[in-house]
Amino acid sequence: DVKVTQSSRYLVKRTGEKVFLECVQDMDHENMFWYRQDPGLGLRLIYFSYDVKMKEKGDIPEGYSVSREKKERFSLILESASTNQTSMYLCASQRETTGELFFGEGSRLTVL
Amino acid sequence: GENVEQHPSTLSVQEGDSAVIKCTYSDSASNYFPWYKQELGKGPQLIIDIRSNVGEKKDQRIAVTLNKTAKHFSLHITETQPEDSAVYFCAAASGGSYIPTFGRGTSLIVHP
Chain A
1 DVKVTQSSRY
11 LVKRTGEKVF
21 LECVQDMDHE
31 NMFWYRQDPG
41 LGLRLIYFSY
51 DVKMKEKGDI
61 PEGYSVSREK
71 KERFSLILES
81 ASTNQTSMYL
91 CASQRETTGE
101 LFFGEGSRLT
111 VL
Chain B
113 GENVEQHPST
123 LSVQEGDSAV
133 IKCTYSDSAS
143 NYFPWYKQEL
153 GKGPQLIIDI
163 RSNVGEKKDQ
173 RIAVTLNKTA
183 KHFSLHITET
193 QPEDSAVYFC
203 AAASGGSYIP
213 TFGRGTSLIV
223 HP
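Quick note, the sequences are listed as chains A and B, same order. This note's numbering puts the first residue of the first sequence at 1, with every later residue one more than the last. This note's numbering puts the first residue of the second sequence at 113, with every later residue one more than the last.
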């Protein structure tokens with residue numbers, strides 16, 4: 001089975017802190033994604049990556065950056081967390097031949 | 113870019129009834145339409161998808177229909193069971209990029 005693991009299920013941070021959300025997949029997929037999930041707003045794409053060291057902005061990249069130093073690992077970085085970044089963050093990898101996304105269980109971030 | 117509208121936002125049915133969730137999309141170049149189910153505390157999981165060269169696809173109690181002319185696609189669940197209770201997301205993607213745009217989600221509640 002494909003496994004996408006997000007390192008932290010729950011995080012509480014203070015405004016202005018730097019936050020790292022880590023994601024690892026075990027299926028050698030090229031494509032990886034970070035989404036933000038908020039009630040009533042669905043899944044909104046923050047960033048995605050086609051390959052190591054490659055990144056593309058999604059629909060809501062402001063306030064976020066990403067890092068992909070190794071194929072299996074895709075990190076989301078909040079340089080200076082703000083309260084409006086309190087949300088559920090979902091990482092996914094993609095089977096390129098079919099388009100299917102495999103999601104992690106999510107990281108719920110609270111910024112105080 | 114692509115815009116996906118999903119209705120209803122909440123759907124409550126009795127066990128055994130059918131449930132229908134409808135989505136519209138804006139980009140006529142979209143040709144891949146997946147549906148994801150998100151159970152409480154988990155990441156979304158693909159349950160069925162359809163491509164633009166097909167009008168309907170079935171998998172046991174779930175089916176998806178696609179009307180490319182009207183830019184509509186729908187998820188049909190027959191003989192609903194309590195374990196069908198979840199949030200369902202439709203999505204649309206185009207070309208070879210497979211970068212999906214998601215609808216806002218439908219919370220399906222199946223009452224025993």
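Please keep in mind that the hints were generated in silico from the structure rather than gathered at the bench. Only a predicted model underlies this, so the values are computations on that prediction, with no experimental measurement involved. Idealized CB from N, CA, C, for every residue including glycine. Careful: at least some of the hints might be erroneous.
Reference listing, derived: stretches of chain B covered by chain A, where coverage requires no fewer than 3 residues with Cβ under 8 Å from a Cβ of chain A [said to hold, decoys possible]:
1. 128-134
2. 151-158
3. 174-187
Some chain B residues flagged as far from chain A (calculated, every beta-carbon gap over 10 Å) [said to hold, decoys possible]:
4. Q118
5. S121
6. D161
7. S164
8. G167
9. E195
10. S197
11. I211
12. P212
13. V222
Hint check:
Taking a C-beta to C-beta cut-off of 8 Å, the segment 128-134 of chain B contributes 0 residues in contact with chain A, too few for the three needed, and the coverage statement is violated. Check result for the segment 151-158 of chain B against chain A: holds, 6 residues qualifying (beta carbon to beta carbon below 8 Å, three or more required). With 0 residues bearing a CB less than 8 Å from a CB of chain A, the segment 174-187 of chain B misses the requirement of three and the coverage assertion fails. Chain A draws Q118 (chain B) into its interface by the beta-carbon criterion, the shortest separation being 8 Å against a cut-off of 10 Å.
A beta-carbon of chain A is positioned within 10 Å of the beta-carbon of S121 (chain B); the least distance is around 7 Å. Against the 10 Å criterion, D161 (chain B) falls within the reach of chain A, whose nearest CB is about 7 Å from its own CB. In this structure S164 (chain B) is separated from chain A by more than 10 Å, as the shortest Cβ-Cβ distance comes to about 13 Å. Against the 10 Å criterion, G167 (chain B) stays outside the reach of chain A, whose nearest CB is about 19 Å from its own CB.
With a least beta-carbon separation of about 18 Å from chain A, E195 (chain B) lies farther than 10 Å from that chain, consistent with its non-interface assignment. No Cβ of chain A comes within 10 Å of the Cβ of S197 (chain B); the nearest lies about 17 Å off, and the non-interface call holds. The Cβ of I211 (chain B) sits about 7 Å from the closest Cβ of chain A, inside the 10 Å cut-off, so the non-interface label is violated. With a minimum CB-CB distance of about 7 Å to chain A, P212 (chain B) fails to clear the 10 Å threshold, and the non-interface call is violated.
A cut-off of 10 Å between C-beta atoms confirms that V222 (chain B) is not in contact with chain A; the least separation is 20 Å.
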